[in-house]
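Enquirer: For the protein sequence lines, the chains are X, F and C, in the order given.
Just so you know, our numbering puts 382 at position 66 of the first sequence, and the rest follows in order with no gaps.
Just so you know, our numbering puts 294 at position 257 of the second sequence, and the rest follows in order with no gaps.
Just so you know, our numbering puts 39 at position 21 of the third sequence, and the rest follows in order with no gaps.
Hints are all accurate, no fakes.
Chain F residues, not near chain C, derived (Cβ > 12 Å throughout):
no.	residue
1	Thr78
2	Thr90
3	Lys100
4	Ala108
5	Ser112
6	Ser142
7	Phe176
8	Glu181
When the alpha-carbon atoms are kept at most 30 Å apart in a straight line, the in silico DSSO-like pairs for lysine-lysine are as follows:
no.	chain 1	residue 1	chain 2	residue 2
9	C	Lys129	F	Lys209
10	X	Lys401	F	Lys252
11	F	Lys252	F	Lys275
12	C	Lys129	F	Lys164
13	C	Lys129	F	Lys136
14	C	Lys30	F	Lys275
15	C	Lys136	F	Lys209
16	C	Lys120	F	Lys172
17	F	Lys172	C	Lys30
18	F	Lys174	C	Lys129
19	F	Lys171	X	Lys394
20	F	Lys136	C	Lys30
21	F	Lys248	X	Lys394
22	C	Lys120	F	Lys171
23	F	Lys252	C	Lys120
24	F	Lys171	X	Lys401
Think of the hints as simulated: they come from the structure by calculation, not from any bench.
Nothing here was measured: the structure is a model prediction, and the numbers come from that model.
Glycine residues also receive a C-beta, built at the ideal position from the N, C-alpha and C atoms.
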Amino acid sequence: MRESIIMKIHYGTALGAVALVAVHILMRMTQNFDQSLQYQNVIANYHFLPYALMLEAVLILLSVHGFNGLRVILLELKQGSTYEKMINYGSVAAMAILIAYGSRTILMAGMGIS
Amino acid sequence: MAVVTAPNPSEELISIGKTSQSDTVILRIARSNPVEGQESTYSEFKVPVKKWTTVLEAILYVKQNLDHTVAVRYSCRQASCGSCGMKINGKPSLACYTKVSELKSNIITVEPMNNFPIIRDLAVDFKQLISNHKKIKPFIINEESEVTPESKEFIQTPKDLEKFLQFSYCIKCGLCNSACPTMATDTSFIGPQGLAQAYRYVADNRDKGKKDRLKIVDDSHGIWRCHFAGSCSHVCPKGVDPAMAIQLLRGYMLGFQK
Amino acid sequence: MAERLSNREGIKGMANPTRYGIERVAYWLQRLTGLGLLAYLIGHIYETSTIVHGKIAWDQMLELTQTTQGHLFLTLVIGMCVFHTANGIRVMLGHGGIGVGKPGQPEYPYKAASLNYKQRLCIWVSIGLAALAMMYGASVLFGV
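So that you can see chain X by itself, here it is in the shape it has in the complex (with noise of 0.2 Å):
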């Protein structure tokens, strides 16, 4: 992928975080701190489907901009043609694999599995 690319994508997943993130703090603002940390407010948080989508959505734009911004700085200290290939798949794998695990306590605690 042509780094022009990948940094379009870096600048669009940070403005959309900025939003979403302003979105998930707002909501946790709607009902005092201590309260809105208690098992059964969250547990209804994953149940409402807009704002489990949301979740994901923070997730996903988060994760990739975070690690993308990890492989920058990486690059950037080091260079050569086995490790740039290994920096660019490992930040993909971290991103899978944040992105699957995080994927996985929304669907899991939408659905009520625990």
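Please arrange chains F and C on chain X, whose structure you already have, making use of the hints.
Expert: For chains F and C alone, coordinates are given in the frame of chain X:
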């Protein structure tokens, strides 16, 4: 070649007494010879300076009177050639353009520019800067550049000229590459000098090679490794402002500029 | 040996925020906060995954995080997030050529147009917003 005459010893004694006219500073010069395996050390010299003495004059005083073996590159003495780039008290600057008095310190440390291989002492190797500069095709690409009986001059209004003129003032001193935080670790990065020159040609209305150049800089070690730290523009002695050029070039690639 | 010969500053140079003004400090803080936020994201995903193990596991996790140290850490995360966002928007606009000035004839003392008051103001505003957010976050977390 610049010639700096050492002050008469008696003049020196008189001038030290007159503290408003002359002073002495400690000049610490980094010495190294990688080819012979000599590790980097510092040699200290007491150098008499006057109000307008530049760092280059101080170094040449040392070379003339105290230690002939100091290796330093210089030429025009007027910030036109870009030869005397070095780190002065930790900041990349042109030695001929930096007055000792403006450093506001009695100890002046001069070291070779970072991110360039050292040849000896203060002289560094410019091979990578030149190869990165060549990489971005630093010439007008235009099919109609062959002169024929029907040829006319390329029309360029003052407004067209203003779009790229400032970036053409680059003297290839390398200070920007030395200051850049990405160049500190990324050996494949084109560097602010190369990227700014790429924009100089892209912005020139006589040039038709925009697509080629954008393809060259659209690389994992190209324009996208610039993060607008601005250090290059901070140290540029000619007001080229490479940071602006790079962001404007990126604007082309992101579709913000046409 | 090759690195010494190349005379690269290395990580020390990349991570040194001094010598070149507030813009270099902002670059350094952007990197630092980015790495910090990535680490927090991974921790947060793990922390919230305990919900699938039931109320007891969730409450145990809360006991770990709802402490003074936990709240202080979260306050820091709030600051990092706000700074990274605000400065990131400034950098993104700069990357598009917005707010970096216009090319012209350089005049002595050759002050760079891209390092203008707008950029410096945005950096200070980002730091200010982060500080304000941290204060507000601390007031909510510590119940002041």
